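Engineer: Sequence:
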Amino acid sequence: MRVFTNREVNIKKRQNEKGNVLFIILMAIALIGTLTAVIQNSSNSDSSNIDDETLSIKISEIRSYTSELERAVLYINQNGISEEDIRFAHPDANSEYGDLSADTDTTDQVFHKDGGAALYRAAPSGLNDGSAWEFTGSTAAPNVGTSRADLIAVLPNVTAAFCSKINEMNGQSSIPDDTSDCVYAGATARFDDATQYASSPNTMNESTFTQDVNISSAKAAPQACVACADGNYYFYNVLLAR
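In my numbering, the protein residues as written are 81 to 322.
To be clear, the hints were calculated from the coordinates, so they are not data collected in a lab.
Since we're looking at a predicted model, the values are computed, not measured.
Hints should not be assumed to be uniformly reliable.
Distance condition first, Cα-Cα at most 20 Å in a straight line; then the derived SDA-like pairs of lysine to any residue [as the list claims (entries may be wrong)]:
no.	residue 1	residue 2
1	K138	T186
2	K138	A240
3	K245	C308
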């Protein structure tokens, strides 16, 4: 059996130590790479969650506002104002809704303290192209009230993300479509002194809404977002079912 000299033993120790150091360095590099990837993935995930959380918060604001509008309309109606005479005049609204300052009886006005006392609000930023709220009686929402046209608030040109998210919250499995006049048929359908409820309302494509197997028809959809023939998305909320 060969006996190693002290010098040979020391050389071998140094070689082993170098090997161990190299192994440790390689392991450290691998761990740093893994940790970096985890941090990046975590950051990306956090960013996505923040975006989703922000969208959810803004949707909550929208739903809270439409509830405020519903209460205002109901209050006016219960105070003896007919459903045809409810008005939406406001300085920041389209002038076709009327001149609030020239109205001698404001008890029928949704945005006046003597009427519904609702605040006129723009949609939260980032949810649509900046289009203002519209109010119309041109559409009958699926299985809401009777087949007559409903009084509806519409937010035009919303984002696809908003549309999908709010439909998900409302139990719609996808984005329904409305290839007819759309839930908001344009300026001629604004609810004002000249135009109220359509006698032959737009009904939207009910087959594209989530179906209720118990009635073999679309589930009641007082609030939803639809894709219209113009390629844009429109959010709507029924303020008064008829």
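Engineer: Each hint: holds or not?
Structural biologist: Cross-check of the supplied hints:
no., hint, result
1, K138 to T186, "violated (31 Å)"
2, K138 to A240, "holds (14 Å)"
3, K245 to C308, "holds (17 Å)"
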